[in-house]
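Going line by line, the protein sequences match chains F and D.
Numbered per my numbering, the first sequence spans residues 250 to 650.
Numbered per my numbering, the second sequence spans residues 250 to 650.
Be aware that one or more of the hints could be misleading.
As the list claims (entries may be wrong) - Where chain D lies over chain F, by a calculated footprint (3+ residues, C-beta under 8 Å): (1) 547-557; (2) 603-614.
To be verified - Chain F side only, calculated, beta carbon under 8 Å to chain D, not exhaustive: (3) Pro320; (4) Asp339; (5) Pro344; (6) Ala382; (7) Pro526; (8) Pro529; (9) Gly533; (10) Ala578; (11) Lys621.
The set of hints was computed from the structure by calculation and includes no laboratory data.
C-beta atoms are modelled at their ideal positions from N, C-alpha and C, and glycine is treated no differently.
Protein chains: 2
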Amino acid sequence: MSLSVKCYRCGEHYDDDARVRCACGEPLWIDSDPTTFSWDDCRDRGGMWRYEALLPIDQPEGVAQAAGGTPLVRSPGLDDAAGARVFVKDEAENPTGAYKDRGSAVAVPHAVATNDDVVGTVSYGNMAISTAAHATSLGRECVVFVPEGTSSVRLELIAQYEPTIVQVAGNYAKLYADALDLSERLPIDVLVSDAPTRISGYKTALFEICEEFAPAVPDVIALPASSGGFASGVWLGIRELERAGVIEEPPRLCLVQTATADPLTRAFEAGAMDPTPLSPGEIGDTIAHSIGNPDPPSGARALTAVRDTNGTVVSVTDDEIRTAQRRFAVDGGFCVEPASATTLAGVSRLADRGVITADESVVLVPTGTGFKEIGTKETAVAAETIHRDVLRDRLETLLAR
Amino acid sequence: MSLSVKCYRCGEHYDDDARVRCACGEPLWIDSDPTTFSWDDCRDRGGMWRYEALLPIDQPEGVAQAAGGTPLVRSPGLDDAAGARVFVKDEAENPTGAYKDRGSAVAVPHAVATNDDVVGTVSYGNMAISTAAHATSLGRECVVFVPEGTSSVRLELIAQYEPTIVQVAGNYAKLYADALDLSERLPIDVLVSDAPTRISGYKTALFEICEEFAPAVPDVIALPASSGGFASGVWLGIRELERAGVIEEPPRLCLVQTATADPLTRAFEAGAMDPTPLSPGEIGDTIAHSIGNPDPPSGARALTAVRDTNGTVVSVTDDEIRTAQRRFAVDGGFCVEPASATTLAGVSRLADRGVITADESVVLVPTGTGFKEIGTKETAVAAETIHRDVLRDRLETLLAR
């Protein structure tokens, strides 16, 4: 099951699927041949495995089989907040509550089938949870590298799948490079954020969106952007559907960052090809901690994706994120994590700027559930206590308000 | 959009879809006519709305459109723990993380289209969260009745959708009857656990399972049982598919209760038609708090479902539930709430008794995600801290173990 990996920038090929980066420095991805693909080639299956023909592995059993196949719904309640015709692609409805399962569902079974190494990852959030879940379900040991001082709630989320958890002291941002080095030297396969097999899994989100809209395409797809891995996968999907002749005009990719960690926005606004890394002193706190990457390893590829699709990159503040998170819940009925709420906040900004217009169809992709973060707010919830003997009287007053 | 409701026991019909219970005392459900139905009549859609032809309302937009369509996967990692061939129907992959969304997706839009009443529900858990989410997404006010002393985390989960939360003092178990009374006298439509429109939504879980297995059927479907609402919906689905001639032999329904609140198990073992209600003094604490109903309003219907399908009812202890929850995570990769883990614990007991055999296909239905309950454990998570400068050395030792 050895696969060929390719560089999007210089075109170099490698017959080594453990390789993550090209000699030119850019990340690799897996080339598939979609030239004869049409929607009729989809398997009659739920989940992302209906696109098995374009995936590097066959459908596994277990939790990997349950990844993807998330709902895409028209959500008119969010139109006002967004300033556009909103569709929600609810990636929270994955086995571990995040789009990461699409990547793990390909990367982990592939790693397990290819070698005997321990599986690993670098993440203190959704990717750690997802990788640990998929590894243990296949009986494979897993090591997760998290930053020193990770909260007990987050450790508990990861620990339920019983990986070895290593809290790493020192500059955590350097751990991506460390991980590639460790994978080469030790019997561990650290599946980083943009491991080529993960990117293959991510492209299925784009396939699902486009199949649902076919033969039309949405005007805009809005994603939170951190490492650039998900944006890369979505762009890979767009390219494959274009080569297959299934879509003509691609949807515009709009990436949203938090204003406290905005290396892609900085680069995009400066017209640069590569992200503008933040120095440790420049990184601020944000409630959108899932997307706080100061030096995204697939950042240049994500920027290329944006330019190739005539898209854009925008940053939003924590206040905008809070407002958007509330709107997702109250106007949409969706419980999303702050990083996911950026999509609505970002589209709202772009609508204000006239970059997106009210009649355009915009797919917001909340990438992870908010349920993993409940119970951490400081504000107490108002809830009157009433004895049931007087409930009817009191309710009469309440309802008359 | 007024619908006819019918009593499963005495056969009485009512042309009043706000009516929940028959004059004979039993709960009502909505009769549909499946006689000409076949799988070819399914809509080409995701989610539960592919069965629109058998549902009492047309597909709504928004979060209701995102309900159902959950994965059903073969999960061989769980075979040993279960003592059977395990399939997992992961109801956690619903918009609010629980099967309740199937019920709310029908009941709430139906209520909103039918009357101007405030929507309400009686629940301190998944049903409150789901009802509040679906109501607010349609711009309808919602009142949620929870027990006095509900935890702040649980209040926060509900409060994000901004319903009016009323903590009720006094005997909470009586609130089901109170709710029916309030719905009749005040401008509030309290959608209780077995409101007929909810039951219609629940039957889609059974349709999805059977369509996936078609033309075969699974040998056993294992559900947690509390109010009896979900079991009723699944049985309604079985009856409709039988009448349509789509299935011949029904799957055996196995209901699992917690040993601390087991009115259905007691009745089943005594050969009784009606549940054996627990007195307040008999109700013990359990970690499976989602299924602690001491006097299930659809209990008699659930017992009839079990007998009709040659199924069974079994109770499990908190220790068995804890073990099963861990197995779900570690052997399956699924994060389930304790109430959902009962399914695996129950099947394991039944396999020990010889009621289920190792070659039988058993569908476990974890009804809700465990992510809403993380961060409440007392045990600290073990996680060594290592500086990245010495990571390679330390990892070498770790991997050599």
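Okay, the hints, checked on the actual structure:
| no. | hint | result |
| --- | --- | --- |
| 1 | 547-557 | violated (count 0) |
| 2 | 603-614 | violated (count 0) |
| 3 | Pro320 | holds, 4 Å |
| 4 | Asp339 | holds, 5 Å |
| 5 | Pro344 | holds, 6 Å |
| 6 | Ala382 | holds, 4 Å |
| 7 | Pro526 | violated, 18 Å |
| 8 | Pro529 | violated, 14 Å |
| 9 | Gly533 | violated, 23 Å |
| 10 | Ala578 | holds, 5 Å |
| 11 | Lys621 | holds, 5 Å |
The structure fails to meet hints 1, 2, 7, 8, 9 from the earlier list, while all remaining hints are met.
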